[in-house]
Amino acid sequence: MDILVVHLFNALLYASVLFLIAGGLSLIYGVMRIVNLAHGNLFAFGAFLTASAVGQWFAGSNSALLYLLLPIGAFGAAAIGAVLEPTLLRPFYRRPEEYQLLVTFGLMMILEDLIRFIWGPYPISATVLFSKMGSAKIGDFVYPRYNLLVIAVGGLAALFLWAFIYRTKFGVVLRATSQDMRRAAALGVNVNLVYVQAFTIGCFMAGLAGAIIVPSQSAVLGMGVDALVLSFIVVVTGGLGSLEGALVGALIVGTVREIGISMFPEIELAVLYLIAAIVLIFRPAGLFGKTA
Amino acid sequence: MSSVPLPFERRSPLKIVVWAVPIGALLILLPRIITPYQTILLTYGLAMAIAVLGFNLLLGYTGLLSFGHSAYFGVGAYTVAFMVKYLHVNSMELFVLGAIAASVLVTFLFGFVCVRYTKIFFSILTLALSQVLWSLAFKFFNVTGGTDGLRVPTPKLLGIVSGEKEDKILFLAHDYYYYVLAVFAICVAVMWLIVHSPFGKALQAIRDNEVRARFVGIQIRRYRLVAFLVSGVFTGIAGALWVPLNGLTTPDILYWPFSGEIVFMAVLGGFRNFTGPIVGAVVFNYLKTSAVGFTVYWQGLLGIVLVFLVMVLPTGIVGSLRLLWAHARRRLSQ
Amino acid sequence: MSSRPTRRDFLSQLGVTAAAGAAVGGSAVGLIGAGIAQAQEKPKGTIPSTPFKIGHMTFFTGAGAVLGEPMYKGNLLAAEEINAQGGLLGKRKIEILKADEAAGTDANTKEMRRLKLSEKIDMFMGITSSGNTPALGPVAEELKLLTIFVDGCTDFLFDKAVPNPRYVFRITNIQSADGSTCALAVAATWPQIKTYAHIHPDYSYGRNCFDHFSIVTKKMLPNAKSVSESWPKLFATDFTPHITKTLAAKPDLLVTSLWGGDYVAFYKQALQQGLFGKMKVATTLALGSVPQSIGKDHPEGVLTGVHSNYHFTYPAGNRWPLNKTFVEKYHAKFNEYPNFQAEGAYTATYVLKTAIEKANKLVGGWPDDDAIIGQIEGMMFPGPGGYVYFRPDNHQGYKDAITGFSKNVAEYPFPILDPHRIITIPIRNITAPPGWPKGEPTSTYTWIDQTWPVVKA
Chain A
1 MDILVVHLFN
11 ALLYASVLFL
21 IAGGLSLIYG
31 VMRIVNLAHG
41 NLFAFGAFLT
51 ASAVGQWFAG
61 SNSALLYLLL
71 PIGAFGAAAI
81 GAVLEPTLLR
91 PFYRRPEEYQ
101 LLVTFGLMMI
111 LEDLIRFIWG
121 PYPISATVLF
131 SKMGSAKIGD
141 FVYPRYNLLV
151 IAVGGLAALF
161 LWAFIYRTKF
171 GVVLRATSQD
181 MRRAAALGVN
191 VNLVYVQAFT
201 IGCFMAGLAG
211 AIIVPSQSAV
221 LGMGVDALVL
231 SFIVVVTGGL
241 GSLEGALVGA
251 LIVGTVREIG
261 ISMFPEIELA
271 VLYLIAAIVL
281 IFRPAGLFGK
291 TA
Chain B
293 MSSVPLPFER
303 RSPLKIVVWA
313 VPIGALLILL
323 PRIITPYQTI
333 LLTYGLAMAI
343 AVLGFNLLLG
353 YTGLLSFGHS
363 AYFGVGAYTV
373 AFMVKYLHVN
383 SMELFVLGAI
393 AASVLVTFLF
403 GFVCVRYTKI
413 FFSILTLALS
423 QVLWSLAFKF
433 FNVTGGTDGL
443 RVPTPKLLGI
453 VSGEKEDKIL
463 FLAHDYYYYV
473 LAVFAICVAV
483 MWLIVHSPFG
493 KALQAIRDNE
503 VRARFVGIQI
513 RRYRLVAFLV
523 SGVFTGIAGA
533 LWVPLNGLTT
543 PDILYWPFSG
553 EIVFMAVLGG
563 FRNFTGPIVG
573 AVVFNYLKTS
583 AVGFTVYWQG
593 LLGIVLVFLV
603 MVLPTGIVGS
613 LRLLWAHARR
623 RLSQ
Chain C
627 MSSRPTRRDF
637 LSQLGVTAAA
647 GAAVGGSAVG
657 LIGAGIAQAQ
667 EKPKGTIPST
677 PFKIGHMTFF
687 TGAGAVLGEP
697 MYKGNLLAAE
707 EINAQGGLLG
717 KRKIEILKAD
727 EAAGTDANTK
737 EMRRLKLSEK
747 IDMFMGITSS
757 GNTPALGPVA
767 EELKLLTIFV
777 DGCTDFLFDK
787 AVPNPRYVFR
797 ITNIQSADGS
807 TCALAVAATW
817 PQIKTYAHIH
827 PDYSYGRNCF
837 DHFSIVTKKM
847 LPNAKSVSES
857 WPKLFATDFT
867 PHITKTLAAK
877 PDLLVTSLWG
887 GDYVAFYKQA
897 LQQGLFGKMK
907 VATTLALGSV
917 PQSIGKDHPE
927 GVLTGVHSNY
937 HFTYPAGNRW
947 PLNKTFVEKY
957 HAKFNEYPNF
967 QAEGAYTATY
977 VLKTAIEKAN
987 KLVGGWPDDD
997 AIIGQIEGMM
1007 FPGPGGYVYF
1017 RPDNHQGYKD
1027 AITGFSKNVA
1037 EYPFPILDPH
1047 RIITIPIRNI
1057 TAPPGWPKGE
1067 PTSTYTWIDQ
1077 TWPVVKA
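So the protein sequences, as listed, match chains A, B and C.
Residue 181 in this note's numbering sits at position 181 of the first sequence, with consecutive numbering throughout.
For this note's numbering, count along the second sequence from 1 and bump the result up by 292.
For this note's numbering, count along the third sequence from 1 and bump the result up by 626.
Looking at chain A on its own, in the form it has when it is part of the complex (with noise of 0.2 Å):
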């Protein structure tokens, strides 16, 4: 019995991190229209950033500097997206959207460089915060209490997202400007400052995911397009441009594999794939999207 709370458990961990990726993707999707490419390597980013503040350059601190800095890799990431979106992407929206894919691609190239350029060729880590919280019991087992943590950071920013977009004067303005841009505009909503704010949150979830993650593993060259290609299979299954389909998304995603793991291990990478695309086939726009 309690295996299956600690399967619960990794089930829950792997959700939250993918829900904060896609749910800052399905969000700049619903506001903007644009599929960011580079999504990934905004994810990345904040885990390199945030490994690096913990793991080296405040290493050996204060254990409650230490979880103050964790964050660090959201807002690192936050501030390349307030600074990304006037200069690279503003120009693309008057242009047809698949210009848009090309530059987010060339983006993602050129994010990826970036941070090998920043961080050296190496994987950095910074599992001190995660060793020194230990573990917890369960039954028979001990399961880390970071993970807990994790969990928890995920389950949060779900509500705080949730409460923002819908009982918050920003997030209407938000859903008014991703439902009907021109007519918001017509309406005196200034559309350039709501997207780039709306790139921004959807950065900065992204990068919390980063941050958040890394002291439980690293930051590892190449985690940006693996999380790209995982959260694509969220937002894809879920609905892209909806917050509650990246949730969902995200819960089927974090179960499937786990179950995958546990009971088929050769399968574990195409069972994924196969349900985003079994999903598209018969849903297109996934389970709570629109085929706009």
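In case anyone wonders, no lab produced these hints; they're calculated from the structure.
The reader is advised that the hints may include incorrect statements.
Said to hold, decoys possible - Think about it this way: if two alpha-carbon atoms lie no more than 27 Å apart in a straight line, the pair counts; the simulated BS3-like pairs of lysine-lysine are:
#: 1; chain 1: B; residue 1: K431; chain 2: C; residue 2: K844
#: 2; chain 1: C; residue 1: K670; chain 2: C; residue 2: K719
#: 3; chain 1: C; residue 1: K786; chain 2: C; residue 2: K1064
#: 4; chain 1: C; residue 1: K786; chain 2: B; residue 2: K377
#: 5; chain 1: A; residue 1: K132; chain 2: C; residue 2: K904
#: 6; chain 1: A; residue 1: K132; chain 2: C; residue 2: K1033
Here the structure of chain A is known, so what remains is to put chains B and C in place on it, guided by the hints.
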């Protein structure tokens, strides 16, 4: 792409000959001028040119951006590898036929699903489906060799020229180069006929204005599917030609960034022209090889080139040259 | 009908010895002039003075860089020492051209061709990944490029891809040795286990270790069986579900071939899930990749493999001065300790030098590739890790396999192999002999399967 549609220039047959003959002659004479290494590099470029030519039927002419063409390239390559492994075949002609057959099958399956959608959803769906193939190649390592891939030894060309006897480098730089060149020429000719046929015109009509095309009576989905099929088959042929050059096929060619490279090549050359994809493929080949040899940050360098292209030269090399040429002609005639 | 030997008898027939290495940090007796680099005799005939170009391809970026970069450093150290004496045969300085293996197998194939045809390298060295040697071996042969692979140790290279090598050599121990060494060490140390679990990265190295561990364990521990398998993707960073799955199966032993960054992430995560307390753990490559990446929080008494090749603490002290001076020089230059890749590349460079010198003595002038190849075949060369022998038929290097148990000592800020419990095995006793037909999945596998007895429990 449904913004301002640029008409494809009508070229009189004479104009084609004026261009094609010298280029053709150059390509035939090239191995005598440049080093074997450069020739092999060019052979890679020609093979990729076939792939991008096929890809562009969908993008440039039908307005559908596929981000999953690595799938068909991989199908072509792996079919050759399977024919070697299980059927012990060694004939290049059979390889190409096998690749065509397999690509038809896979493209039909994928295309049937994909052409129901357009724009972003089309692109994402093609990407996801190609990833399914990638993960299958990965996981069924007993069959596909997994990450190690499958070896493809030197094939026999036209049943007579065997690569086994001679020095493989010379074989690749001479016999194999001419073989690929011949297939390339045939593919270019076939594609030329396709895009100038009523079918090709219908595709462009669909691209420019889907609603109007439907009103005129064109069955959108069917035409798109056929375009998808042709596009995939061309790419499959390219994969089959590429794999003996490499000696080996791995899941890397099924991985989605490779699809991105194909798109890159089309954009580089200019996807609004017939020759754009060809130029793009050859140039990209050299670009990437020199970037890799030049700096460890070659990926970022290529990324910068792509962003620059999309921002400043969206019509690609050939498109921009055309514009420059038109500009110059206007200047001269004033 | 032959009776089945006991486990202990068969282990001693194989020559599996638990050797006590000398105590760590032996007395620093001045060893002037020790080391491979020795004063050269004057070469025969005219020698060109053009540089000798070595193309070195290994992982310089990404998760594989922890293994790859030291390989280049070993090559570099050796090249600098040789160049300090004037170069090969005193006249030709070594120039190393770097290439990044992380570019992918296809790009690597193109790059090898470019290095030979365009840059005109004289020799090729390197390669970490087992995915790349079977791809590049045939290309090296068709390019007629003298090659010493330092790793990429898959049996597949000489079993299938290049079964009759002419230009290609490989210096590090063949991959099948890893799984076999691990299994033999387990059989010698923990013969009482009844169940075991697997976690291997999903690529050829992982599968090779799985296969050979399984077949050897079938012979040596006939009553033990596998209860769980996990195949995480190579360079994945999250092993939590695989650890959970293993824990759920409650095995007596876990065997894993995770290495480098994978192993670091794995052991940290496994520690927090209490895995090490619940079962014995045997690895094939835990301490082999980067000695200093494993922290002192790593549990002691884990069978920590070193790719069967080399750990810098063995042979220890003054018992084998070549190692002592190598480690000192490497550490002085790079501020880290050499791994088996570094030792392999260093030794390979000196093998090249020695082969050139011997060929020159015989025929004078600069020896051509055939002469050099002739000298390497059958050479028994003393390197820092021990004697390495190049079998003439398959061009594979053979040196004693080694593994051991993790231990924390005061001298080093990371765990090392417990010097009192080093296990060595003569490699010729655990790999397929010359003349044995090629088999699936490897010749060694079929050889073990068909010729080893199932021991009496």
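Quickly compare the C-alpha distance for K132(A) and K1033(C) to 27 Å and report which way the hint goes. Measuring from Cα to Cα gives roughly 22 Å; hence the hint holds.
Given hint K377(B) paired with K786(C) - CA-CA distance at most 27 Å: 13 Å, holds
Below or equal to 27 Å on CA atoms is what counts here, so check K431(B) against K844(C). 26 Å, holds
Given pair status - K904(C), K132(A), alpha carbons within 27 Å: 21 Å, holds
Does K1064(C) lie within 27 Å of K786(C) when you go C-alpha to C-alpha? 8 Å, holds
Check the hint pairing K670(C) with K719(C) against an upper bound of 27 Å on the C-alpha distance. 17 Å, holds
Of the hints listed earlier, there is not a single one the structure fails to meet.
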